Amino acid sequence: MKIKVEDMNLYYDTFQALINVNLDVVENEITAFIGPSGCGKSTLLKSLNRMNDLVESCRITGKILFDGEDIYGKKMNVNVLRKRMGMVFQKPNPFPMSVYDNIAYGPRTHGIKKKRELDRIVEESLKNAAIWDELKDRLKKSALAISGGQQQRLCIARALAVKPEVILLDEPTSALDPISTTKIEDLLTELKDRYTIVIVTHNMGQAARISDKTAFFLHGEIVEFGKTIELFSRPKDKKTEDYITGRFG
Amino acid sequence: MTDAKEEKKDKTDNGEKEIRIAAIKERGAEYFFLLCSLMSIGAVLLICFFIFRGAWPTIKSVGLWHFLTFDKWKPTDVPPLFGIFNMIAGSVYVTLGACVIGVPVGIFSAVYMAKYCPYRIYPVMTQFVSLLAGIPSIIYGFFGMMLIVPFIAEYMSGNGNSVLAASVVLGIMILPTVIKVSEVSIRAVPKAYFEGALALGATKEQAIFFVGIPAAKSGILAGIILGIGRAIGETMAVVMVAGNSNILPKSVFKSVRTLTANIVLEMGYASDAHYDAIVATGAVLFLFILLLNMVLNFINRDANAAGGLS
Ligand SMILES: Nc1ncnc2c1ncn2[C@@H]1O[C@H](COP(=O)(O)OP(=O)(O)OP(=O)(O)O)[C@@H](O)[C@H]1O
Ligand SMILES: [Mg+2]
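Chains as they are written, first to last, in our numbering: chain A, 5 to 253; chain B, 735 to 1044.
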């Protein structure tokens, strides 16, 4: 078990955004979170790498174990945790600097200074994100000057550059065109052999295509969680069925 | 029947008239506003004209290059010597000194105010920064005379009236400008950049200094240039702490005379060629300010072209 969420509740002030969540994320699998808007998918995702620490009103009970270690425990270094769990956001957010510096930012932050080492990491990360061929002649160009789809894959490459074990993605393709979306889906399927992936998506087809497990959220609760094939072909819960067949209000 | 018709016609006439009057009024207002805004343009042009016309006799008789690069200023000798190199160097020294002191402190303050300051303390901070901006320069001068000059004389070297004293006073004076402009531009950096950096495992400081500040750099640079403009044109406070002797200072503890000091110290008794040379000194200062403004425009245009950032 790579990540284990146990009896977790999350509050924003008095509003309870997650209710008694239990979830196991298995290594080298893609786990998808689906559910209507506002049901708490992003909230759970952001709890996994503690990006919720930035929200002052956020309070959490229960446990999240990462390789058996409590991520909210006293011994957990949050910067190391975030390095081990890369995150890709809904809207591509490359830094306003060159493609090269975007990728090198993470490794530099973690103390890698040698030019040769950085060159190697940049090339390797871009190759792993399947965007090396498109960008290799534009490494010194501003990352803001490439297309949205390329920016998002650049952000994936940037996350890969710090050698994470898990990649968290929050609706990574919702702002992209179909071709870019397919590229990213193919990429994630490839990356799954080496990384553990958790993805939030509004696109049911996407969850069905790429994920091994799917969790269906509703009003802060996980209504159903299981193998993607089963959840989509034989949903156990009536609400899941309504949602995946589009009969949901 | 005809009466009614006449009346109706009258009414429409009146209506048209009213509309025409309204249009004239609107036009009038527009011209009035135009006139007001032309006043500032006119003022700038007039100032340019008079200062450069006033500077012309000196430039003509001494030569621009000689005036700028000759390091002897002996206006009462026979024949008088007019070279303002020492004063240009003096202005540059104290301005650079002000930047060395004021820029880092200003940027760090801006970072604190934009990224760390608890929201209850924030209004107090901004109040103090605004106050700092509003203090008259003569008060800064007193502060320098009473605290900084004696401190340098006591614990460092010389009699205290020095490049260093002027730099410290000017450094404090440019703080509000640097802080305000930098803070605004740091705040304008999209949150997504900081989140992206933190998500890579960067600490808050790393996110601010290696993503936030680079993204805000053109705004910060604009703040610094505005600060430089203020420092190079400052007169009173500098005269009170710089010593003002007309020699090229050999160290930061030595006395220095700036362009502004040269003008204000000799204006009272100068006449004829001396007077003209003083005006020419002012013209050189004015040129510096125009140059800074051009740089500022350039930076702003650059920033706008990049979508307000980077
Ligand atoms: N910072 C916050 N402060 C207060 N409430 C929040 C905050 N972030 C999210 N919420 C609330 O928590 C609930 C869950 O939000 P969350 O963003 O996790 O939903 P989501 O499932 O990701 O929705 P979407 O599909 O629209 O992204 C929502 O009701 C939302 O309004
Ligand atoms: Mg969301």
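Where hints are given, some of them may not hold.
Claimed, not checked - Mimicking DSS-like on lysine-lysine, the simulated pairs with C-alpha atoms at most 30 Å apart in a straight line are:
{"no.": "1", "chain 1": "A", "residue 1": "140", "chain 2": "B", "residue 2": "951"}
{"no.": "2", "chain 1": "A", "residue 1": "117", "chain 2": "B", "residue 2": "759"}
{"no.": "3", "chain 1": "B", "residue 1": "951", "chain 2": "A", "residue 2": "78"}
{"no.": "4", "chain 1": "B", "residue 1": "951", "chain 2": "A", "residue 2": "95"}
{"no.": "5", "chain 1": "B", "residue 1": "914", "chain 2": "A", "residue 2": "78"}
{"no.": "6", "chain 1": "B", "residue 1": "925", "chain 2": "A", "residue 2": "67"}
{"no.": "7", "chain 1": "B", "residue 1": "914", "chain 2": "A", "residue 2": "117"}
{"no.": "8", "chain 1": "B", "residue 1": "914", "chain 2": "A", "residue 2": "167"}
{"no.": "9", "chain 1": "A", "residue 1": "95", "chain 2": "B", "residue 2": "988"}
{"no.": "10", "chain 1": "A", "residue 1": "231", "chain 2": "A", "residue 2": "119"}
{"no.": "11", "chain 1": "B", "residue 1": "925", "chain 2": "A", "residue 2": "144"}
{"no.": "12", "chain 1": "A", "residue 1": "78", "chain 2": "A", "residue 2": "118"}
{"no.": "13", "chain 1": "B", "residue 1": "849", "chain 2": "A", "residue 2": "78"}
{"no.": "14", "chain 1": "A", "residue 1": "167", "chain 2": "A", "residue 2": "145"}
{"no.": "15", "chain 1": "A", "residue 1": "131", "chain 2": "B", "residue 2": "925"}
{"no.": "16", "chain 1": "A", "residue 1": "79", "chain 2": "B", "residue 2": "914"}
{"no.": "17", "chain 1": "A", "residue 1": "79", "chain 2": "B", "residue 2": "925"}
{"no.": "18", "chain 1": "A", "residue 1": "119", "chain 2": "A", "residue 2": "78"}
{"no.": "19", "chain 1": "A", "residue 1": "144", "chain 2": "A", "residue 2": "6"}
{"no.": "20", "chain 1": "B", "residue 1": "759", "chain 2": "A", "residue 2": "145"}
{"no.": "21", "chain 1": "B", "residue 1": "988", "chain 2": "B", "residue 2": "951"}
{"no.": "22", "chain 1": "A", "residue 1": "131", "chain 2": "A", "residue 2": "144"}
{"no.": "23", "chain 1": "A", "residue 1": "131", "chain 2": "B", "residue 2": "914"}
{"no.": "24", "chain 1": "B", "residue 1": "925", "chain 2": "A", "residue 2": "167"}
It should be emphasised that the hints constitute simulated quantities derived from the structure, not laboratory data.
Quick caveat: nothing in here was measured; it's all calculated off a predicted structure.
A quick look at each hint next to the structure:
no. : hint            : verdict
1   : 140(A) x 951(B) : holds, 27 Å
2   : 117(A) x 759(B) : violated, 69 Å
3   : 951(B) x 78(A)  : violated, 37 Å
4   : 951(B) x 95(A)  : holds, 23 Å
5   : 914(B) x 78(A)  : violated, 38 Å
6   : 925(B) x 67(A)  : holds, 28 Å
7   : 914(B) x 117(A) : violated, 34 Å
8   : 914(B) x 167(A) : violated, 39 Å
9   : 95(A) x 988(B)  : violated, 57 Å
10  : 231(A) x 119(A) : violated, 44 Å
11  : 925(B) x 144(A) : holds, 24 Å
12  : 78(A) x 118(A)  : violated, 33 Å
13  : 849(B) x 78(A)  : holds, 25 Å
14  : 167(A) x 145(A) : holds, 24 Å
15  : 131(A) x 925(B) : holds, 28 Å
16  : 79(A) x 914(B)  : violated, 39 Å
17  : 79(A) x 925(B)  : holds, 28 Å
18  : 119(A) x 78(A)  : violated, 36 Å
19  : 144(A) x 6(A)   : violated, 37 Å
20  : 759(B) x 145(A) : violated, 54 Å
21  : 988(B) x 951(B) : violated, 34 Å
22  : 131(A) x 144(A) : holds, 17 Å
23  : 131(A) x 914(B) : violated, 43 Å
24  : 925(B) x 167(A) : holds, 24 Å
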